[in-house]
Amino acid sequence: SHIHFRTAEPLEYHRSFLKENCRPDGRELVEFRTTTLNIGSISTAEGSALVKIGNTTVICGIKMELANPSVEAPNKGYIVPNVDLPPLCSSGFRPGAPGEQAQAASQFMADIIERCRLCWVLYCDLMCLDYDGNLLDTCTIALLAALKNAQLPEVTVNAETSLPEVDLKKRKPLQIHRHPVASSFCVFDNSILIVDPTGEEERLSTAQLTVVTDEDGRLCSVHKPGGTSLSGERLQECISRAQVRHREIRKLIDKVAQSVTSGK
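Take 1 as the starting number for the sequence shown in full-length UniProt numbering and just add one per residue.
These are computed hints drawn from the structure, not numbers from a lab. Possibly wrong hints are sitting among the right ones.
Claimed, not checked - In silico lysine to aspartate or glutamate, DMTMM-like type, Cα no more than 20 Å apart, as pairs: (1) Lys63 to Glu165; (2) Lys172 to Glu65; (3) Lys148 to Glu248; (4) Lys63 to Glu154; (5) Lys170 to Glu154.
Given the sequences, and given the hints that come with them, work out the whole structure.
See below:
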């Protein structure tokens, strides 16, 4: 009857847990799912990362090429993020052109990227292998970790031909000036706030919110696609939770990055 209640009345089922201040998967309201990270696993990419938040799994691979900088920003390179939600990651996605959620996620990633001063174009392909809610947090961590893992080849300009020459043997890490990390929240019945929603929690919520902070605890962006409004107090709660989450994720990325370099 337990399972039947869940499928017949999913919202009531969730409410029965939320009343007890817990969630169907046993988590507290403001508890994130286990987050794991692997970096450097795609040998054909210049930088890569695989992130799991609960079941939600995203892999990010970075390809780079030299390109002419844009006229508006002659001394900057650019990053082109692309989020792919293939049918294999969830029964909710169909084959064909990228859907609204994939496009919105790609745009969200593009908005939070602080452009690096390089004349490189970095193509960052993020593919969701398993979708169970909270795509944006998972993508943000995957992108940040893959960028931290990326090594840029040295480029010199040949004096005689004035053409750039790339030395693939000499590489240096990418200079990352700001480290944005996203934390996503859902609101239930316009009042109960939870973090790191599963796919089902997202579907049943009355509003969704993603807060992006940097390493100095500054707010980079607040992304709220529709839904009911949030009080200033609630928003402040989300920001402080996001700042704590940022520190946890930075520790995780540094730890994994260290184990990869010391393992070589």
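Tested hints:
1. Lys63 to Glu165: Status holds; Cα separation ~18 Å.
2. Lys172 to Glu65: 15 Å, holds
3. Lys148 to Glu248: 16 Å, holds
4. Lys63 to Glu154: 15 Å, holds
5. Lys170 to Glu154: It holds: about 6 Å lies between the C-alpha atoms, which stays within 20 Å.
Consistency note: the structure conflicts with none of the earlier hints.
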